[in-house]
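Chemist: Sequence:
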Amino acid sequence: MNVEAYRRIPVWKDVPLEEWETYGWQMRHRITTVEQLRQVIHVTPSEEAAVTKRDGRFIMGIPPYWAALMDPDDPTCPIRRQAVPLEEEYYTSPNDLVDPLAEDSHMPVPGLVHRYPDRVLLLVVEVCSMYCRFCTRSRVVGTSAGFSRGANIDAAIDYIRSHRKIRDVLISGGDPLTLSDERLDEILAKLKAIPHVEFVRIGTRNPVTLPYRVTESLCSVLKKHKPIWMSVHFNHPKEVTPAVKRACGMLADSGVPLGSQTVLLKGINDRPAIMKKLFHELLKSRVRPYYIYQCDPVRGTSHFRTTVATGVQILEKLRGHTTGYAVPTFVVDAPGGGGKIPVMPSYVVSYKPGEVVLRNYAGKVYTYKEEVGTDERAKAPLAEPSYALAD
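Just so you know, we're using the numbering used here here: the sequence shown kicks off at 132 and counts up by one.
Hints were generated in silico from the structure; no laboratory data involved. Don't be surprised by glycine CBs; every beta carbon is placed ideally from N, CA and C. Don't take every hint at face value.
What the hints assert, rightly or not - The calculated label-pair distances, taken between Cβ atoms and stated as ranges, are: (1) Ala324 / Lys495: 50 to 60 Å; (2) Gly467 / Lys354: 37 to 47 Å; (3) Lys471 / Ser224: 20 to 30 Å; (4) Pro141 / Arg280: 33 to 43 Å; (5) Tyr221 / His173: 17 to 27 Å; (6) Asp202 / Glu313: 52 to 62 Å; (7) Lys495 / Ser275: 17 to 27 Å; (8) Thr438 / Gly469: 44 to 54 Å; (9) Lys495 / Ser348: 32 to 42 Å; (10) Arg188 / Asp384: 32 to 42 Å; (11) Pro239 / Gly485: 47 to 57 Å.
When you get a sec, could you build the whole thing from the sequences and use the hints?
Modeler: Here you go:
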C-alpha cells in the first residue's frame, strides 16, 4: 500500500500523515460499528448481519491502517475476511470448542498456562489492536478477564519464580504490545530478574495489524532486556507492506530475533503459491517462518478450517522447491491440551536394519545404507511413518 493510499477513503482523506502513523490515533479510530464499516467498504448482507447481531458476538475492532488495506468491493479479500465478521460465525459445528487448547485447565494461577515442563504461557492483557475472526482465545480476548491486573501478573511471576524448572516464558494475551512501553518494561524486568528464566518470548500481531506501534521507544525497552525473541503472526503476503517491513527492520536492528506464526485458513492462504510468496516476503523482511498452525476448532470458526492434509500438501510443495529457511513446521495444537504435534509428509518409503529407502521432493527414490554392527538399537527397525494425503 502506498504510504498515503488511505486518502482514497473520504472519512480519512484530511488526516495528516503524522497522525495516521501514530499508534494512539489508530487505536482511537478503530472501526467497531457497521456504520463506520460502511465508510470503508461495501458491506455485504452477511457482514452487516454479523456485525449488528450482539448476542454472543466476538468483538470487532479494525484499525484504520488495516481497513485501508481491505478491498472495498471484494468480500473474499484475504485482509477483509480476517477482520470483518460473517454470519458463519454464528454456526456452531459439532467439533467446535470454547477452549480448544484446554488452557483454563492448565492455569495454576490466573493468566498463566503451565502445560510443558520447562515453559509457560504468560497472558498479560485481553486487548488486541485488531480482533482476528479465528482467534483461539476469543473466550477471553476483548473481555474483562482480568489478566492485565497487576495482582494477577504478580501472582503469575511469583509462580514462575517458585518453579525452578521453568526456563522459557512466552508473553502473550491479547497482544502484549498493546501495553505501554513502561508496563512492558516492568514485566520484562521482573522476568529477567529470575535466575532460572533463560528465554523470554513475546507473541504479537501488532507489527502486522498496526505496525506504527513499533517505535524507537519500544525498541529501547526490548534492547534493555535482550535477548527478547518475538513470534509475529502473519497470514498473507498482502500483509507485508512497507510499514510492516519498516517495523520488522526496526525490531531486527534492535537485536530481536523474529519468527513468524501462520494460521492455515480456508480461502485465505490454503494454496502453496500463497504460502511460498508469504514466506519469501518474510525472509526478505528478516523474519524466519517458524510455524504453520492448523486452525484451532474454536467456536464459530468452522468456515476457516481446512483439512490437515491441506497443510501437509503445502509442505510438500515447499520442501525442495524453495530454500529450507522458507519451510516452517506444520503443527496441530492438539485439542484438549495435548500441545503442538508436528505433522509432516512422509519421505521414508521403507526401513529395515542396514537400509533406509527414501523419496525426495521430486518423488525419486533413493537408498541410504547404514553400518549395522553390534549396536542393539540397529536390531529393532523403526515403525514406518506414513501419512495418507487427501485426493
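Chemist: Confirm or reject each hint.
Modeler: Comparing the hints with the structure gives:
{"no.": "1", "hint": "Ala324 / Lys495: 50 to 60 Å", "in the structure": "54 Å, holds"}
{"no.": "2", "hint": "Gly467 / Lys354: 37 to 47 Å", "in the structure": "40 Å, holds"}
{"no.": "3", "hint": "Lys471 / Ser224: 20 to 30 Å", "in the structure": "22 Å, holds"}
{"no.": "4", "hint": "Pro141 / Arg280: 33 to 43 Å", "in the structure": "41 Å, holds"}
{"no.": "5", "hint": "Tyr221 / His173: 17 to 27 Å", "in the structure": "22 Å, holds"}
{"no.": "6", "hint": "Asp202 / Glu313: 52 to 62 Å", "in the structure": "38 Å, violated"}
{"no.": "7", "hint": "Lys495 / Ser275: 17 to 27 Å", "in the structure": "58 Å, violated"}
{"no.": "8", "hint": "Thr438 / Gly469: 44 to 54 Å", "in the structure": "19 Å, violated"}
{"no.": "9", "hint": "Lys495 / Ser348: 32 to 42 Å", "in the structure": "54 Å, violated"}
{"no.": "10", "hint": "Arg188 / Asp384: 32 to 42 Å", "in the structure": "40 Å, holds"}
{"no.": "11", "hint": "Pro239 / Gly485: 47 to 57 Å", "in the structure": "49 Å, holds"}
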